[in-house]
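For this one, chain A is given, so just place chains B, C and D on it according to the hints.
These are the residues of each chain, in order.
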Amino acid sequence: MSTTAATRPVGVDIQESETNRSVVEAIEATNEGCTVQHMPGLVRITAPGRLVVTRESVEERLGREWETHEFQLAIVSYFGHIKEWDDDEIVIAWDH
Amino acid sequence: MTIAPKAPRKLTMKQRYEALTRDLDWEPSYVETSEVFPYTEFEGIKIHDWSKWEDPFRLTVDAYTKYQAEKDKRLYAVLDGFAQSQGHLSLTEASYLNAMKLFLQGVTPLEYQAHRNFAYLARHLNGPGPRFAALCQSIDEMRHTQTEIHTLSNYNKYYGGFHNYLEQHDRVWYLSVPKSFFDDALTAGPFEFLIAIGFSFEYLLTNLLFVPFMSGASFNGDLPTMTFGFSAQSDESRHMTLGLEAIKFLLEQDEANVPIVQAWIDKWFWRGYRVTALVAQMLDYMLPRKVMSWKEAFELYFEEQMLGGLFQDLAFYGITPPKHVEHAIAEKEVLSHQVYWTLYQFSHAAAFTTTFPDAEAQSWLSDNYPGTFDKLYKPLWDKEARNLEAGGRHFVRGLPQLCQVCQIPMLFTEPDDPTTICQRHSEYRGEKFQTCSDGCQWIFEREPEKYVQAWLPVHQIYQGNCGGPTVPDVLAWYGIQEGDGGEYKGSLDAAHWARWHDAADHSHIGSEA
Amino acid sequence: MQYELRTQVIDPPRKTFDHLVKRYGDRPASRYEEGTIDIQAKENFHYRPLWDPEHEIYDEAFSAFRLTDPYSFTDPRQYYYAPYVTSRAAMADAVAATLDYLDSRDLLSRLPDAWSSVMGELLVPLRHYESGAQMVSCDIARFGFGTTITQCAAYAAFDRIGNAQALSRVGIALGGGTAELLGDAKTRWVEDASLQGLRRLVEELFLEKDWGKALVRLDVADRLVYSLFFAHLDDAAIDGGAGSYSLVAQHLSSWFADHRKWVDALYKAWVADPETGAANKGLLASSTAEALDAALEALRPVAARVDELVGAGAGASLESTATTIRETVAALTD
Amino acid sequence: MAVNSIGTYDFPSRSRQELYGDDQLVHVWFQENMWFCASACFRAPKAMTWGDFWNGLLVPYAEEDPDFDPGARRVWTLHGEVIEPRDDQTLEEIGVEHKDVIGMRVLA
Numbered sequence: 001m002s003t004t005a006a007t008r009p010v011g012v013d014i015q016e017s018e019t020n021r022s023v024v025e026a027i028e029a030t031n032e033g034c035t036v037q038h039m040p041g042l043v044r045i046t047a048p049g050r051l052v053v054t055r056e057s058v059e060e061r062l063g064r065e066w067e068t069h070e071f072q073l074a075i076v077s078y079f080g081h082i083k084e085w086d087d088d089e090i091v092i093a094w095d096h
Numbered sequence: 001m002t003i004a005p006k007a008p009r010k011l012t013m014k015q016r017y018e019a020l021t022r023d024l025d026w027e028p029s030y031v032e033t034s035e036v037f038p039y040t041e042f043e044g045i046k047i048h049d050w051s052k053w054e055d056p057f058r059l060t061v062d063a064y065t066k067y068q069a070e071k072d073k074r075l076y077a078v079l080d081g082f083a084q085s086q087g088h089l090s091l092t093e094a095s096y097l098n099a100m101k102l103f104l105q106g107v108t109p110l111e112y113q114a115h116r117n118f119a120y121l122a123r124h125l126n127g128p129g130p131r132f133a134a135l136c137q138s139i140d141e142m143r144h145t146q147t148e149i150h151t152l153s154n155y156n157k158y159y160g161g162f163h164n165y166l167e168q169h170d171r172v173w174y175l176s177v178p179k180s181f182f183d184d185a186l187t188a189g190p191f192e193f194l195i196a197i198g199f200s201f202e203y204l205l206t207n208l209l210f211v212p213f214m215s216g217a218s219f220n221g222d223l224p225t226m227t228f229g230f231s232a233q234s235d236e237s238r239h240m241t242l243g244l245e246a247i248k249f250l251l252e253q254d255e256a257n258v259p260i261v262q263a264w265i266d267k268w269f270w271r272g273y274r275v276t277a278l279v280a281q282m283l284d285y286m287l288p289r290k291v292m293s294w295k296e297a298f299e300l301y302f303e304e305q306m307l308g309g310l311f312q313d314l315a316f317y318g319i320t321p322p323k324h325v326e327h328a329i330a331e332k333e334v335l336s337h338q339v340y341w342t343l344y345q346f347s348h349a350a351a352f353t354t355t356f357p358d359a360e361a362q363s364w365l366s367d368n369y370p371g372t373f374d375k376l377y378k379p380l381w382d383k384e385a386r387n388l389e390a391g392g393r394h395f396v397r398g399l400p401q402l403c404q405v406c407q408i409p410m411l412f413t414e415p416d417d418p419t420t421i422c423q424r425h426s427e428y429r430g431e432k433f434q435t436c437s438d439g440c441q442w443i444f445e446r447e448p449e450k451y452v453q454a455w456l457p458v459h460q461i462y463q464g465n466c467g468g469p470t471v472p473d474v475l476a477w478y479g480i481q482e483g484d485g486g487e488y489k490g491s492l493d494a495a496h497w498a499r500w501h502d503a504a505d506h507s508h509i510g511s512e513a
Numbered sequence: 001m002q003y004e005l006r007t008q009v010i011d012p013p014r015k016t017f018d019h020l021v022k023r024y025g026d027r028p029a030s031r032y033e034e035g036t037i038d039i040q041a042k043e044n045f046h047y048r049p050l051w052d053p054e055h056e057i058y059d060e061a062f063s064a065f066r067l068t069d070p071y072s073f074t075d076p077r078q079y080y081y082a083p084y085v086t087s088r089a090a091m092a093d094a095v096a097a098t099l100d101y102l103d104s105r106d107l108l109s110r111l112p113d114a115w116s117s118v119m120g121e122l123l124v125p126l127r128h129y130e131s132g133a134q135m136v137s138c139d140i141a142r143f144g145f146g147t148t149i150t151q152c153a154a155y156a157a158f159d160r161i162g163n164a165q166a167l168s169r170v171g172i173a174l175g176g177g178t179a180e181l182l183g184d185a186k187t188r189w190v191e192d193a194s195l196q197g198l199r200r201l202v203e204e205l206f207l208e209k210d211w212g213k214a215l216v217r218l219d220v221a222d223r224l225v226y227s228l229f230f231a232h233l234d235d236a237a238i239d240g241g242a243g244s245y246s247l248v249a250q251h252l253s254s255w256f257a258d259h260r261k262w263v264d265a266l267y268k269a270w271v272a273d274p275e276t277g278a279a280n281k282g283l284l285a286s287s288t289a290e291a292l293d294a295a296l297e298a299l300r301p302v303a304a305r306v307d308e309l310v311g312a313g314a315g316a317s318l319e320s321t322a323t324t325i326r327e328t329v330a331a332l333t334d
Numbered sequence: 001m002a003v004n005s006i007g008t009y010d011f012p013s014r015s016r017q018e019l020y021g022d023d024q025l026v027h028v029w030f031q032e033n034m035w036f037c038a039s040a041c042f043r044a045p046k047a048m049t050w051g052d053f054w055n056g057l058l059v060p061y062a063e064e065d066p067d068f069d070p071g072a073r074r075v076w077t078l079h080g081e082v083i084e085p086r087d088d089q090t091l092e093e094i095g096v097e098h099k100d101v102i103g104m105r106v107l108a
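Chains as they are written, first to last, in our numbering: chain A, 1 to 96; chain B, 1 to 513; chain C, 1 to 334; chain D, 1 to 108.
Bound conformation, chain A alone:
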């Protein structure tokens, strides 16, 4: 069974809370083809190959400035590799 980095699922678990709702919605809107699952206390979002969180889309929904560092208050776990985490976006994907 071989898979490619482009399609193999990556994902992130986010604590279910009012403040994180905008983050979850932003991820949903940014990542076409992602799947959102609700588990006790958390929301799990998976996507094939790549999952992106952009500052812009979170700020749009949150109605205030949001630093990507703030994602640390929301994230519970992830699988994949954090390929990028800069001022504008966070990218989770596989390397190979």
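There could be a bad hint or two in this list.
[Unchecked claim] In silico contact screen, one side only, chain D against chain B (beta carbon under 10 Å); selected entries:
no.: 1; residue: 10
no.: 2; residue: 31
no.: 3; residue: 50
no.: 4; residue: 67
no.: 5; residue: 97
no.: 6; residue: 103
no.: 7; residue: 106
[To be verified] Result set (SDA-like, lysine to any residue): computed pairs, CA atoms no more than 20 Å apart in a straight line:
no.: 8; chain 1: B; residue 1: 14; chain 2: A; residue 2: 54
no.: 9; chain 1: B; residue 1: 46; chain 2: B; residue 2: 263
no.: 10; chain 1: B; residue 1: 383; chain 2: D; residue 2: 95
no.: 11; chain 1: A; residue 1: 83; chain 2: B; residue 2: 313
These are computed hints drawn from the structure, not numbers from a lab. Since we're looking at a predicted model, the values are computed, not measured. Where a beta carbon is used, it is the ideal one built from N, C-alpha and C, also for glycine.
Okay, now just chains B, C and D, sitting in the frame of chain A:
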């Protein structure tokens, strides 16, 4: 007067991180570099360029303290509110707390061990990037130690089993399982420790270990544990990243590192997997309201995400899935049942209670383990039901044989035969050593010099080093008090629970006025 | 309402954990106590370290300084993680506010040239001194004995990186928002004659295996460095029309005052120990004396360079701090 | 394979026989009986007779099984071979060494 250029460009997060963290290093010239970093060569790992280490989080101290302070503010507000409102009474059932007793006794001291040894890494790794990441993790682990203690401290005030967790971690038989696991990692060199804890434990197994605990807490009315758990897990994502970066860094630095790293993955997967046996029974038996079965958790968090995701990625470097992983997969149908059956029989010598799974629980087990529960384990519980009716309650009248490596009682069965207990034998310097599985035997034979030192609780009891020759002597030495262990039904916790819930009933208020 | 009142009267059967009851009696324990006292494992270590087979995982023998009961020392600031990190978040905010202010008024570029040189040549390179101090503190956090001590050391290690980063940010601001000046500062740290003594001191400190002695050696150097740069030069800067130097210095100076609280308390615990006190006194006196000689030798060229640049009486200040250190340690160990 | 270490890494076993004086540890492996969740570990004098081992140590342990029948016919194994211990033989005479595992299976 010098005039600086106006409106200087703000550094990007990456540039800022580079400038503030990675550039702090210099090459020593008054002393030898090898004397400054004496521990990074003996393991055989070759590093050519420490600056190739990536830290995607790009944290700096100001950002770290800002977000960590915010996390703790939220967490302690929940703890205070819960304590003030007698929140413990809103749990599903006092027996739920057995999972938390195991957590405080077994896991919290490990967080502390991690704290100390990440400080070692924060001193002794040659590169400033990994040193800073290790330092953040070191103080994060102190945070986890303390937030766990502070969360569970409130339960300790009302329930048994929590009160002597520190001494017990050093002494009690079942706690030598997690303790020896971490002692093994701390006594390894810095790179092996990184693979053992940073990668195998934090990345490979952490979801399997913690997410079920936290979801279980959420499902059973334990708001503080859920809050500390998720809050800790948010640090954990940084730790997972450190582990993943560590492995990729080692693999990319030199091809000769690959077989060394592979052997560590093989060892530490199995070592860590054995520790998760305690989580397996917790999920399937200890939680009054079940979240998911061990089998489901294993399939999701390990088989799908790790074997299906991570190891495909690592295949690029020539890394293969861990040795003996097929045995872990085969065990997913039987593991929790075997472990709980064992804890059920030994809980008279433990600081948690167990009880007979009622009809509802058994039907859940039967639904979730259609291939094994009815055939293999239900008959045991049926026999125990008759035993209970006859006034018996099965507790083992003696001591079990322990595996020399994982230190769990020799309860595991052959991978292809769930009715035959697995016994593996090795000899080292004329002495016999038994292990519970091919995985543990392989680990023993790789480094017998290490595992012959194991402080095996059963052997120590028989040497007279644990308070005295009788079971009450040993229990006294463990600091176990009336109500800590044994059967849950009729226990002190159960009695208190019933009384407090009666007392909290509205109907009593008028009559006492 | 009545329901809640009724449920609140459940008398908890226990006030705290057994080890705290044994030590402090049957009373509720503070969060500092619950999160700190007796946390380090004590017995039945399973294996010896492959990297140091002579020692146990945690071993008193990692230092000649001993406490009969390591928990006779407690942090006077009672820092466990939450209050620690909260206090540091506030410090970081304050530093950021200062830097923003300096930046918005372009104050660093308006410094007198000589003071600008003190900052660029000497102050900013201290980021490497702080980074070294972080490494030494991490060794104390790993090899120290007893959580009350190692916890302080771990937070101190993190503080030192914080200080290094604060100084680096000064460098960035001084460099007009670029990292260029940090590169120069590193070259200076490695090459400038005036800084070589200090660099040598740090490098030699990396080889100190006894964490107690390492702590004393670092502390002695710290007292000279902090007194010179963040107390003496703070005053001199104001006199010299370099108010922005003082704005920066205040943060490190208040950090150091906070930091020294636990170090002083540890010295006091060492010398007060009924069994090991006498031996500790001797060690503290001799370690301090040796460390002071070495640190003075390392810092005299630094002070001399300061005086060349701004003529602030730095050399005299250094000697006077040394005298104070000698007197303090004498008072503690006589 | 040997461990990688800095300096000599050589420590005695913490379970070695000499720590038990004239006694030794003996394991009993209950085969084909899942009631016993794990193999048992006993401390017994090397000179203890099989009869005393059976009556004094093993029976009180095994009686916890409500279906335990002391008189049932059993197959014993040691070092992979079937053994037929007599009550008057000592453990040493039977060939039981420190930390050996004795297999025990009840014949149907």
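Hints, one by one, checked against the model:
Given hint, residue 10 of chain D at the interface with chain B, holds; its Cβ is 7 Å from that chain's nearest Cβ, closer than 10 Å. Restraint check, residue 31 of chain D versus chain B: the minimum CB separation of about 7 Å is within 10 Å; hint holds. A least Cβ separation of about 18 Å between residue 50 of chain D and chain B goes past the 10 Å threshold, and the interface hint is therefore violated. The interface hint given for residue 67 of chain D is met, as the beta carbon of that residue sits about 8 Å from the closest beta carbon of chain B, less than 10 Å.
At a threshold of 10 Å, the smallest CB-CB gap from residue 97 of chain D to chain B is about 7 Å, leaving the interface hint in force. Because the closest C-beta pair between residue 103 of chain D and chain B is about 8 Å apart, less than 10 Å, the hint holds. For the restraint placing residue 106 of chain D at the interface with chain B, the shortest Cβ-Cβ distance is roughly 14 Å, beyond the 10 Å limit, so the hint is violated. Distance check on the hinted pair: residue 14 of chain B and residue 54 of chain A sit about 16 Å apart at the alpha-carbon level, within 20 Å; holds.
As the CA atoms of residue 46 of chain B and residue 263 of chain B are separated by approximately 16 Å, the hinted pair is consistent with the 20 Å bound. Distance restraint check for residue 383 of chain B and residue 95 of chain D: the Cα-Cα separation of roughly 36 Å exceeds the 20 Å cut-off, and the hinted pair is therefore not satisfied. Between residue 83 of chain A and residue 313 of chain B, the direct Cα distance comes to roughly 13 Å. Compliance with the 20 Å bound is thereby established for this hinted pair.
Checked against the numbered hints listed earlier, the structure breaks hints 3, 7, 10; every other hint is satisfied.
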